[in-house]
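Asks: Residue numbers (this note's numbering), protein chains in the order written: chain A, 285 to 797; chain B, 285 to 797.
These are computed hints drawn from the structure, not numbers from a lab.
Be aware that a few hints might be false.
One copy or two, it doesn't matter: identical chains are merged, so the pair holds either way.
[What the hints assert, rightly or not] Straight line, CA to CA, 20 Å or less: simulated SDA-like cross-link-like pairs of lysine to any residue:
#1 Lys375 - Met705
#2 Lys694 - Val322
#3 Lys789 - Asn740
#4 Lys762 - Gln340
Each chain, letter by letter, is given below.
2 protein chains.
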Amino acid sequence: MSDTKSRATGRRGRNARREARQHRGSSSIPYIVRNIPVSNLASDEALEIIEANADQILEEIGISFIDDPESLQLWKEAGADVKEQRVHFPKGLCRELLKTAPSEFTQHARNPSRNVQIGGNNTVFAPVYGPPFVASLDNGRHYGTLEDFQNFVKLAYMAPSMHHSGGTLCEPVDLPVNKRHFDMVYSHIKYSDKPFMGSVTAPERAQDSVDMASLVFGDDFVQNNCVMLNLINANSPMTFDATMLGALKVYAANNQAAVVSPFILSGAMSPVSPAGTLAQLLAEAMAGMALTQLIKPGTPVVFGTFVSSISMQSGAPTFGTPESLLVLNGAAQLARRLNLPFRSGGSFTASKLPDAQAAYESAQTIQMTLTSGVNFVLHAAGWLEGGLCTSYEKFVMDMDQCSMMEVLAKGIAHDENAQAMDALREVGPGGHFLGCEHTQRNFETAFYRSKLSDNNSVEQWEADGSKDMAVRANALWKQMLNDYEAPAIDPAIDESLIDFMDRRKRSFPDSNV
Amino acid sequence: MSDTKSRATGRRGRNARREARQHRGSSSIPYIVRNIPVSNLASDEALEIIEANADQILEEIGISFIDDPESLQLWKEAGADVKEQRVHFPKGLCRELLKTAPSEFTQHARNPSRNVQIGGNNTVFAPVYGPPFVASLDNGRHYGTLEDFQNFVKLAYMAPSMHHSGGTLCEPVDLPVNKRHFDMVYSHIKYSDKPFMGSVTAPERAQDSVDMASLVFGDDFVQNNCVMLNLINANSPMTFDATMLGALKVYAANNQAAVVSPFILSGAMSPVSPAGTLAQLLAEAMAGMALTQLIKPGTPVVFGTFVSSISMQSGAPTFGTPESLLVLNGAAQLARRLNLPFRSGGSFTASKLPDAQAAYESAQTIQMTLTSGVNFVLHAAGWLEGGLCTSYEKFVMDMDQCSMMEVLAKGIAHDENAQAMDALREVGPGGHFLGCEHTQRNFETAFYRSKLSDNNSVEQWEADGSKDMAVRANALWKQMLNDYEAPAIDPAIDESLIDFMDRRKRSFPDSNV
Chain A
285 MSDTKSRATG RRGRNARREA RQHRGSSSIP YIVRNIPVSN LASDEALEII EANADQILEE
345 IGISFIDDPE SLQLWKEAGA DVKEQRVHFP KGLCRELLKT APSEFTQHAR NPSRNVQIGG
405 NNTVFAPVYG PPFVASLDNG RHYGTLEDFQ NFVKLAYMAP SMHHSGGTLC EPVDLPVNKR
465 HFDMVYSHIK YSDKPFMGSV TAPERAQDSV DMASLVFGDD FVQNNCVMLN LINANSPMTF
525 DATMLGALKV YAANNQAAVV SPFILSGAMS PVSPAGTLAQ LLAEAMAGMA LTQLIKPGTP
585 VVFGTFVSSI SMQSGAPTFG TPESLLVLNG AAQLARRLNL PFRSGGSFTA SKLPDAQAAY
645 ESAQTIQMTL TSGVNFVLHA AGWLEGGLCT SYEKFVMDMD QCSMMEVLAK GIAHDENAQA
705 MDALREVGPG GHFLGCEHTQ RNFETAFYRS KLSDNNSVEQ WEADGSKDMA VRANALWKQM
765 LNDYEAPAID PAIDESLIDF MDRRKRSFPD SNV
Chain B
285 MSDTKSRATG RRGRNARREA RQHRGSSSIP YIVRNIPVSN LASDEALEII EANADQILEE
345 IGISFIDDPE SLQLWKEAGA DVKEQRVHFP KGLCRELLKT APSEFTQHAR NPSRNVQIGG
405 NNTVFAPVYG PPFVASLDNG RHYGTLEDFQ NFVKLAYMAP SMHHSGGTLC EPVDLPVNKR
465 HFDMVYSHIK YSDKPFMGSV TAPERAQDSV DMASLVFGDD FVQNNCVMLN LINANSPMTF
525 DATMLGALKV YAANNQAAVV SPFILSGAMS PVSPAGTLAQ LLAEAMAGMA LTQLIKPGTP
585 VVFGTFVSSI SMQSGAPTFG TPESLLVLNG AAQLARRLNL PFRSGGSFTA SKLPDAQAAY
645 ESAQTIQMTL TSGVNFVLHA AGWLEGGLCT SYEKFVMDMD QCSMMEVLAK GIAHDENAQA
705 MDALREVGPG GHFLGCEHTQ RNFETAFYRS KLSDNNSVEQ WEADGSKDMA VRANALWKQM
765 LNDYEAPAID PAIDESLIDF MDRRKRSFPD SNV
């Protein structure tokens, strides 16, 4: 399975050079290159203990690979100790295997100017993934439809701070479960030209995603470049199931990046302590990521983390909590120590409304996400109700916050213009800076301008209808959808995608599993 | 004016030792001792340039001290070049003077177990300061009254995350301007036993504050220990006015800490660029703080910063913006490089409601406040409408966020219990952690429990009345006021305070200036 490795490496080298050329002199790139240092909240001592514990978990407790003999066989061949479905890893095996994984890679978009760089100092924001429900102030909460899905593709396309089209923006529940992946992948390609994610709910759906991407990018290109990220959740604690392993194997074999993400609600699926949770998720992520390298050494892979806690009273998931922020930051440090790209973060909340709770919890998470140096940020916009619901209003509210994070990531410029000594000399004690030459010169770019914050006087705000932020957000997303214009697509490619979908859809009966 | 210096230093040494004894073995201290590293977003190179520019401002442009011949005379005697009301500082003069200021000091509360440590790795949260208006869901927006003021003293007393009673929690507009400081200081003393702030709106009101504190703590104690923080705003750009200088001189002479705070809306009162703003505020803060050391070498002083930006469209102040976060973080770094305590931060918003805007903006600011290592956080709870309004609901919402910041500040524990290897071994792959021995053992303290976040299912939330966070906050502050019990106060002290106020109030006519 590694026959394309040297070609792939060569391609990656050329791509890196092309990438560098494209960025040179470019005034804007379609993702964040952080110019501020990462925040490392855990001490080296704590991280070394956590790593030793993860190694201990891998060796002593082991990780279960359920109903997937092929994975177990691969692990046996790699020298692991396989007992029934549980794999025990000799010390250092996973780390050794992970040395072939790239520390940074390009995910290609069908519009090359929207390619994103996953890893390093880069941060890529992608929308919420997975909610079965959708909500808006107009229609309340209801099951998602394909129309909703396409609306969110369009909103992400319109949002400068969404660098990525994401994946399951909501479940299009009006389509059969076993066929909706076609329409989701097609919608990402048709209504956006940003990078996107493939289907992971069954191996054949993963293969369909690869086949559709191949129609867009060409077979050879797909086999040698990353054109899809793919969300592979561990079934924590310490388990990977056949569905996720099936998708992981398809994507790894086709050179597409798995985002191997322990999905953890601490207290239920991991210990109640951040250090215990981190050891477990590191063990899980290392085992899952190492498997991709067994399948195809050099295939890109991302260290993913989804961690929150549960309420110890009710068992309900909680979000934006300090413990989850500590785990997020610690996991980012662990990923950097493995020299691998890291996915986490988002704009999480347990709130049922785009209210203050939603905003507090989301802002707490998104700022920590940025300062922790997360590379791929899933759920950056739209998440509501513990991930059960994609909210139109929350989507654009979060989008605005993500734009602010872009500015924060630039840090403090200190060139001559930024020093503004001319302004200080011109204005002097007791003066006013609004009219000075420096202010006029920097007027357009001086401060981030929120589309949603109301900074007016209370009198003006009342005259404007006393609207809260959610009401203003309602107007904004409608305006964005109204202004939406689809990016051009080669009609021959579009036709080939539609033909492929029609043919495949007709080849097996509808089903809701 | 420095005759008490050696005694003060001796006292401070003894106090530090007493402080250390008190903390040993204590399970809770009444402020945050950060166990996570500070986040330094600006490079040393940038900071060195900013410092050089601040020195240049001090020397070349100078700082105006308006209508205060005594300050000008002090500067002349110290070797500064005074031209009319503008002081030009020889290079290094302010830095040299600041060497006598303590890097960390204790502010005493009338209940010693509530003393707070200002500086170092410590963070102290205090409520909003200054709004003329008050708002609640019940009564809407109205001018503040003494009853409101006292309610907020009680709420801050009840809130574990408010380490400080603050100052002008709202303006008690029902009292004459020239006498309301008596009732504010008295209310802080009577209805709370946490540390508080003195009046700064006129030198004689500052003296009244000192006199009232002396009735509580004793004359000698006050002259040798800090029992009040006092907010001295620079009138930016590069100006101190007579009112603030008058209060500063009274407090410095009486060994009470001035929080010298450039109050800046970037774009109006400073350049539009963070680096330019930082140079200006450093120059202003150094000049104001150095003056305290001219008055009484060794008197405690705090490097304060209040910075936000204005909307370049409307001129309205904006909050929680990325530029203001960068300035906050950079100013914290500058204060550390001066080895002085730092005040900034808060839960700022321009919103008129406790809605998503209020929460996004406040959360963005408070997390950056904590990770930047701010020592004294004014406006940590209750701020609404650009500081024009104290909100009951926002007060308790912010209080909840501040509690979360306390947990974040603890960082990731990595002792044996935190490592939880026993739990991982007990549960194993595919298991559930809720019932394991480790979870049971840590059940009570495992996760922060928000009083205001609703994490329930949508069905349960609907059954509970579909309340947003503001509505839940409305119930919480009422419950807190209902549960409030005043801390004990020595009746003789109480009587002496009332006598003092009555006498002083009768000695001059009411006035609203």
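Asks: Take the hints in turn and mark each one as holding or not.
Replies: Consistency of the hints with the structure:
Taking identical chains as interchangeable, the C-alpha atoms of Lys375 and Met705 lie at most 20 Å apart only when they sit on different chains, with a minimum of 17 Å there against 58 Å within one chain. For the identical chains of this complex, Lys694 and Val322 are neighbours both inside a copy (12 Å) and across copies (19 Å), given an alpha-carbon limit of 20 Å. When the C-alpha separation of Lys789 and Asn740 is checked against a cutoff of 20 Å, the pair qualifies neither within a copy, at 53 Å, nor between copies, at 39 Å. For the identical chains of this complex, Lys762 and Gln340 are neighbours neither inside a copy (53 Å) nor across copies (51 Å), given an alpha-carbon limit of 20 Å.
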